[in-house]
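Enquirer: This is what each chain is made of:
2 protein chains.
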Amino acid sequence: VRSFVIIGRTATASSDFLLDDLAGSSGRLDVLTRCVRAALLTSHGVRKDADVFLVLLGGERAPRTVRIQGETAKFLRPDERSLAVLLQKSLASHADDDATGFVDLRHGVSLSRGGVVELLPMFEGRPLYVLSEGAPDVREATLAKGAVIVLGDHTGFDEDTLAALRARGATSASLGPVSLHSDDAVCVMNNELDRRAL
Amino acid sequence: VRSFVIIGRTATASSDFLLDDLAGSSGRLDVLTRCVRAALLTSHGVRKDADVFLVLLGGERAPRTVRIQGETAKFLRPDERSLAVLLQKSLASHADDDATGFVDLRHGVSLSRGGVVELLPMFEGRPLYVLSEGAPDVREATLAKGAVIVLGDHTGFDEDTLAALRARGATSASLGPVSLHSDDAVCVMNNELDRRAL
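Those sequence lines, one after another, are chains A and B.
For my numbering, add 13 to where a residue sits in the first sequence, where the first one is 1.
For my numbering, add 13 to where a residue sits in the second sequence, where the first one is 1.
Treat each hint with caution, since some may be false.
Here are the computed lysine to aspartate or glutamate pairs in the EDC-like style, where the Cα-Cα straight-line distance is at most 20 Å [said to hold, decoys possible]:
{"hint": "1", "chain 1": "A", "residue 1": "LYS158", "chain 2": "A", "residue 2": "ASP117"}
{"hint": "2", "chain 1": "B", "residue 1": "LYS102", "chain 2": "A", "residue 2": "ASP62"}
{"hint": "3", "chain 1": "A", "residue 1": "LYS102", "chain 2": "B", "residue 2": "ASP33"}
{"hint": "4", "chain 1": "A", "residue 1": "LYS87", "chain 2": "A", "residue 2": "ASP111"}
{"hint": "5", "chain 1": "B", "residue 1": "LYS102", "chain 2": "B", "residue 2": "ASP207"}
{"hint": "6", "chain 1": "A", "residue 1": "LYS61", "chain 2": "A", "residue 2": "ASP117"}
{"hint": "7", "chain 1": "A", "residue 1": "LYS102", "chain 2": "B", "residue 2": "ASP34"}
{"hint": "8", "chain 1": "B", "residue 1": "LYS158", "chain 2": "B", "residue 2": "ASP110"}
{"hint": "9", "chain 1": "A", "residue 1": "LYS102", "chain 2": "A", "residue 2": "ASP207"}
{"hint": "10", "chain 1": "B", "residue 1": "LYS102", "chain 2": "A", "residue 2": "ASP33"}
{"hint": "11", "chain 1": "B", "residue 1": "LYS102", "chain 2": "B", "residue 2": "ASP33"}
{"hint": "12", "chain 1": "B", "residue 1": "LYS158", "chain 2": "B", "residue 2": "GLU84"}
FYI, nobody ran anything at the bench for these hints, they're computed from the structure.
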């Protein structure tokens with residue numbers, strides 16, 4: 014499976030945002046909804062071999078992580094509002110309050126307390142890539158099956174996260190000369206992996 | 014300048030859609046809002062050297078084309094709802110009713126009656142590319158400055174449009190082994206052009 018981990022430093026981990034003002038009321042959860050689409054949806058369906066982890070570091074209930082798995086996801090639609098509704102319903106849950114690890118909520122959607130540091134042990138043995146500008150070009154990089162791709166939102170990474178990723182031996186890669194939105198970064202990375210059949 | 018032409022076969026050319034149900038009420042104008050973001054916005058601003066043409070073939074007032082020019086656009090936000098508001102305001106206009114060619118509405122946004130066939134003469138002398146599956150890979154293609162990239166929505170092209178494009182000598186190109194959403198196609202194409210500094 015191919016995994017995308019998107020870190021939303023301000024994205025709210027609680028459900029108290031307005032669907033009619035998603036960009037303005039959710040700490041930019043809109044960015045993350047777009048990453049879900051880019052990570053999991055193709056023209057004709059869902060990528061069964063991909064999953065996405067939204068690490069939500071904003072708001073009162075942070076840190077929490079929403080996982081959406083292509084293999085089991087149902088009714089995923091590409092528009093921001095539908096995806097925001099899915100996230101809002103999921104984040105309203107208290108199923109993760111006293112749980113350890115991910116708790117299944119509905120078709121392919123699960124929820125966990127914790128952020129990147131809690132997440133990394135799940136990826137033991139899989140190759141980790143961090144998208145960052147100025148790093149070697151991904152087109153020249155050695156990529157392997159089971160890739161875990163970690164990227165920041167529009168504000169990048171905090172130092173603790175970067176340190177944790179480096180300690181795990183993450184490889185840095187860049188995607189070209191222009192600084193891209195997170196969802197475009199997911200898209201370009203998916204295209205590179207598709208081309209290599211990884 | 015780099016131009017993207019996105020053909021929405023069902024996307025409404027009138028303003029009578031619901032912002033709260035964009036995907037369900039607009040003939041999939043949501044697809045086109047996402048293409049605007051992918052075509053024009055980077056992590057830190059607007060692509061000054063790009064513009065996007067949304068060819069709207071659905072609804073009562075079709076065909077109409079909305080042009081958004083990166084060079085002069087202001088207040089462009091990446092989220093679907095903001096872009097849908099911009100399109101709704103623009104499509105409510107009657108400034109194009111009796112006009113020939115594009116009528117300026119506001120910062121970088123203009124509107125024209127007509128579809129692809131009316132549009133093509135504007136691109137005289139510029140290299141035309143049509144994104145379509147099964148065509149030669151864009152990474153192997155000869156690309157030139159001033160590219161005009163034409164792509165369909167989730168339903169592809171109609172025969173008349175394809176014929177008009179072929180008559181203009183358009184080059185077909187594909188983007189990899191997986192069938193992508195239109196906005197992802199725009200993203201991958203922008204990445205390829207960025208890498209070649211075109």
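Enquirer: Against each hint, give a clear statement of whether it holds in the structure.
Expert: Now for the hints, and whether the structure bears them out:
no.	hint	in the structure
1	LYS158/A x ASP117/A	26 Å, violated
2	LYS102/B x ASP62/A	40 Å, violated
3	LYS102/A x ASP33/B	17 Å, holds
4	LYS87/A x ASP111/A	27 Å, violated
5	LYS102/B x ASP207/B	32 Å, violated
6	LYS61/A x ASP117/A	17 Å, holds
7	LYS102/A x ASP34/B	18 Å, holds
8	LYS158/B x ASP110/B	34 Å, violated
9	LYS102/A x ASP207/A	32 Å, violated
10	LYS102/B x ASP33/A	17 Å, holds
11	LYS102/B x ASP33/B	15 Å, holds
12	LYS158/B x GLU84/B	17 Å, holds
Hint violations for this structure: numbers 1, 2, 4, 5, 8, 9, all remaining hints satisfied.
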